[in-house]
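Number of protein chains: 4
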Amino acid sequence: MWKSIRTDLAMEAREMAQEQKQGEIPGVRVENIMPAEDIVVTRVEVVSRLGEENIGKPVGNYITLEAPEIRNRNPEYEEQLKQQLAAEIRKLVQLNDDSVILVVGLGNWNVTPDAVGPKVVDKVLVTRHVFEFVPDQVDDRMRRICAVAPGVLGITGIETGEIVKGIVEKVKPDLVIAIDALASRKTERIGSTIQIADTGINPGSGIGNKRMGLNRETLGVPTLAIGVPTVVYAQTIGRDALEMLIKEFSGQADPHSKFYNMLQALDEQHLNSLVAEVLTEGLGDLVVTPKEVDLLIDDAAGIIADGINLAIHNGLSMEDVNRYLH
Amino acid sequence: MWKSIRTDLAMEAREMAQEQKQGEIPGVRVENIMPAEDIVVTRVEVVSRLGEENIGKPVGNYITLEAPEIRNRNPEYEEQLKQQLAAEIRKLVQLNDDSVILVVGLGNWNVTPDAVGPKVVDKVLVTRHVFEFVPDQVDDRMRRICAVAPGVLGITGIETGEIVKGIVEKVKPDLVIAIDALASRKTERIGSTIQIADTGINPGSGIGNKRMGLNRETLGVPTLAIGVPTVVYAQTIGRDALEMLIKEFSGQADPHSKFYNMLQALDEQHLNSLVAEVLTEGLGDLVVTPKEVDLLIDDAAGIIADGINLAIHNGLSMEDVNRYLH
Amino acid sequence: MWKSIRTDLAMEAREMAQEQKQGEIPGVRVENIMPAEDIVVTRVEVVSRLGEENIGKPVGNYITLEAPEIRNRNPEYEEQLKQQLAAEIRKLVQLNDDSVILVVGLGNWNVTPDAVGPKVVDKVLVTRHVFEFVPDQVDDRMRRICAVAPGVLGITGIETGEIVKGIVEKVKPDLVIAIDALASRKTERIGSTIQIADTGINPGSGIGNKRMGLNRETLGVPTLAIGVPTVVYAQTIGRDALEMLIKEFSGQADPHSKFYNMLQALDEQHLNSLVAEVLTEGLGDLVVTPKEVDLLIDDAAGIIADGINLAIHNGLSMEDVNRYLH
Amino acid sequence: MWKSIRTDLAMEAREMAQEQKQGEIPGVRVENIMPAEDIVVTRVEVVSRLGEENIGKPVGNYITLEAPEIRNRNPEYEEQLKQQLAAEIRKLVQLNDDSVILVVGLGNWNVTPDAVGPKVVDKVLVTRHVFEFVPDQVDDRMRRICAVAPGVLGITGIETGEIVKGIVEKVKPDLVIAIDALASRKTERIGSTIQIADTGINPGSGIGNKRMGLNRETLGVPTLAIGVPTVVYAQTIGRDALEMLIKEFSGQADPHSKFYNMLQALDEQHLNSLVAEVLTEGLGDLVVTPKEVDLLIDDAAGIIADGINLAIHNGLSMEDVNRYLH
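Protein chains in written order, with our numbering: chain A, 1 to 326; chain B, 327 to 652; chain C, 653 to 978; chain D, 979 to 1304.
Derived from the structure by calculation, the hints contain no laboratory data. Glycine is no exception: its CB is placed at the ideal position from the N, C-alpha and C atoms. Treat the hints with caution; some may be incorrect.
As the list claims (entries may be wrong) - Lysine-lysine pairs mimicking PhoX-like chemistry, simulated, CA-CA at most 20 Å apart:
1. Lys170(A) x Lys817(C)
2. Lys1143(D) x Lys496(B)
3. Lys910(C) x Lys899(C)
4. Lys170(A) x Lys822(C)
To be verified - Short, incomplete list of chain C residues facing chain D, as computed with Cβ under 7 Å:
5. Val763
6. Thr839
7. Ala893
8. Leu894
9. Leu897
10. Val939
11. Lys943
This is chain A alone, in the form it adopts within the complex (with noise of 0.2 Å):
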């Protein structure tokens, strides 16, 4: 019933289609493992077309690492959280020594919940150009990163695809990483959880509107995603909203009277409308975000970009990576 509720997490989007079904979902395998304390796995595999209709995202791995003690900013635990982050990207990726990366911070930098993408190409240890102009600098265990931000539709008036695949074709990568703020459906989400995903980025997903996909069949190339949440759209709000009170009710009514009848009857639809007669329209979309979100977004990113760094560089140590940064 609320398959509508909007969230680009494949985790959720699993959790959802479960609670209709209430059973395993065919087409989708799921994993859970919790590698360290208050660090949670989730790797959800859509293995077929069927998975793929069932939760609505591409036949592909997604895994997703659910970080809530991030907001306390122990730099033990935030160590943690990037050695795991760097041990599952190099589960999806296949590099040699001489493979060149390309990190796509998507977004608008000028939007707060939008900037993650461009806030993780600022934090990342770029370094193509170090092995192209002064050779004799590059540590042994440097892989060859480049970086770009390039901005979104309203701010270019060029299709961000175009833009990414004109650089592919320059740059020749074998890896594009693309970065995205994402939005879940459950607020404690937001800057505490990171997702990880084969298939690349799909139209329609992430926070702004994207028209055309980056992946492998557009740009030519293997490409991961890498996403955290930084919004849940009011929209989710009011309909788990509703959704609480009628389950509320449905307890307390005798399930043979008209008003369980009314109740069961209540459709999609119908419960849309009642969300956007709340939720007036003509501001863009409406969000809810703690107000903290510039500080919970500039720490994900920086999570994300290390993440990036220890998973690339072959070997390099955090403190390596901080004292190669500046």
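Once you have looked at the hints, place chains B, C and D on chain A.
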């Protein structure tokens, strides 16, 4: 029934009171005018303790300018709005040529929706030092304005009220104008509504948590508050969605049925606990904003600053203000 | 003698050549007009290889607008300047109604004096996506503009020229306009002088270190460069101080004395090494800027962006531009 | 001869005095230590009115830490420097467990090289409000710190000293620590040198134009000043270039020649007017900075803030500070 919804706008508080009472609110006078196309001015006067209790705002005047067209950034419309704002400010203050006015920009400049006060301070035409140090550069039409952005308790470790009082005792202004970000109950008012109140700032109002008021009692000088809604609490959205649903059901139900009675029996506390269940705590106060809130707040701060510039400097045009500002 | 002073302004290069030769510079034509009060337009044309050698700038047209009054922020003066800039741009380009124009904002947005290019990109009226996705919203007088800020080598790991070329091959513009921060030899030109050149950007010009040109040869389309001085190299200040002193001494000395000969014998290398002794290396290139450089650059970027808006969009007024920009 | 060169560092003022006098400076004691590799601590004590006249700094203690390696951002080096800074601060202040410390970040946050004070305020571990409102969260090793960034005269219209005095009278601190950006005479000291002075801030020092001092006389409490050079005045560069040239010539000239006499006859005023001719006025005070000044200032602000955190909070480690800061 819905009194717990958080709003800092007296106009909304009155509306909500009226929705319940379905009639005039004793102790509260209200007047509406439309001084220009797409600008609505609502003047709410709380005239007695009874009015105070009824709408939860202290005795005094609350003027609201609603300007939905602000989003289109039409320069003529913006100038009309600034002139109207200036006219309303002048109605609430009494100044002579030697008056000193202290503008206080409340809020946290690091948190976008709380930054409107500091942004106004940046855009006000400050002149007190010109009078003092280069009096020959004073334009006859200017009055003495000075301006501070004192920060918030979490940044300074000092109650904002203490800082402001310390500065007031040194500067001895004849009028304080305190600028603050507000919470509304309606998302369409974000960035497009301005409230002026001659009651100053009272504890608990504004989107940060103020513990101490800034008003004639605490500061010893007349204190005007000017604010603009920058957020709607996520709770409010949830509450509104529930309210819609209940109305919907009530309309369909037989007023003699058990179901109808059940709906009427849903009390405030019950609804609040439903909302609390949906909106997970732990991220601080969740707020709903449009993604473009950065831009809306910049615009609103410009309007307020120029409204003050036109109201206080006695006869400067917008052109004069722009020339002097740089 | 003073050829090593770094300037990106053809006008200054010509002046310096003339100071040495004390006469006309072969291969270089120059023309001065004053189209409005306090606006001086200098058109330098390098007509031959000889001219190229004499002033160190490639064959082509270089138009400089000097507008010292820009600092007073008089709105009418600014509008005159924008209109004049637009007129000069139109002289150097040939467009038809279907032309696509790509604005490229060069430089590093994290380094204030290098950020003028990205700032112009932010202020240009981008329309290409409107033509493509919502053609009914197109104003007849608009042309297709798109805009990118590709970053700098140290941030992206990719030569800026590669990125731009990749994008040019996708977008296929009819004209590229590249915006860059320049070095001048005179501090009073910072933020108040604009140069337009139909030679594009050539390696080594601009205040960052560009290795690859952006011009008709490298990009395959006509390329206009627009720049504004944001720094004077500290070296230049040192050199100028020395030059002053030597002139002073020379004026006082007996032209037959040993001393006079000693002064004349001071060659370029000797002076350079003196300057290098004073200006410690190791902090990167030291530059001289006014402390208010942030503000000057914002203003200059606004002027350039609107000059482009007026030149390219065929008949839009500044009012139209402002309305569409928001 | 070169007294007019502007420096806020007592160490440099003493050096310049010594260059002229070629011997000990009466009334001034100086001591040098090297507590760690690449950290030089110079303690200058002005002991009498005679010393005051000789170097132009009031009677008191001036401690300078020179840390050229700060640019390499080695975390261990930075920690050593913070610990050393903390140790030097502790030598100049007397605190007990209940002391209240007010940190005042002077300068203009909109002007990069003047923003170091406000940046330190952002990074100091503010605790006074924790003691007052949530005393059970106080760590035994904390002292009461509060912090304000009062802005500059041109922004507020109020003398900074008035604002600070107003706050001091409310908060009644036992110690004020005022942070300011300084001018040095040597470019290599920008961002890499820190001066602590127990004389507070005196009129005319710092890179903005302060009119009123912040010291024990004006505030009524002990006042420590901590500063970091962020600029060298362009004039200083010009002067240094001239001085070099004159030394060069003097070395070559026959000491009995007319030329030699001419060189010796060049007096201060003459040189100043030469410099003034070269460095056009009109853009405010021209300063020399490295282009990367934004980064250098961020780093220096972090060092100073942590030096204060370690010095004042009695026994917190850097790890504790980092944990509490977030």
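Quick rundown of the hints versus the structure:
no.	hint	verdict
1	Lys170(A) x Lys817(C)	holds (8 Å)
2	Lys1143(D) x Lys496(B)	holds (8 Å)
3	Lys910(C) x Lys899(C)	holds (16 Å)
4	Lys170(A) x Lys822(C)	holds (11 Å)
5	Val763	holds (5 Å)
6	Thr839	holds (5 Å)
7	Ala893	holds (4 Å)
8	Leu894	holds (5 Å)
9	Leu897	holds (5 Å)
10	Val939	holds (6 Å)
11	Lys943	holds (5 Å)
Violated hints for the displayed structure: none, as all numbered hints are satisfied.
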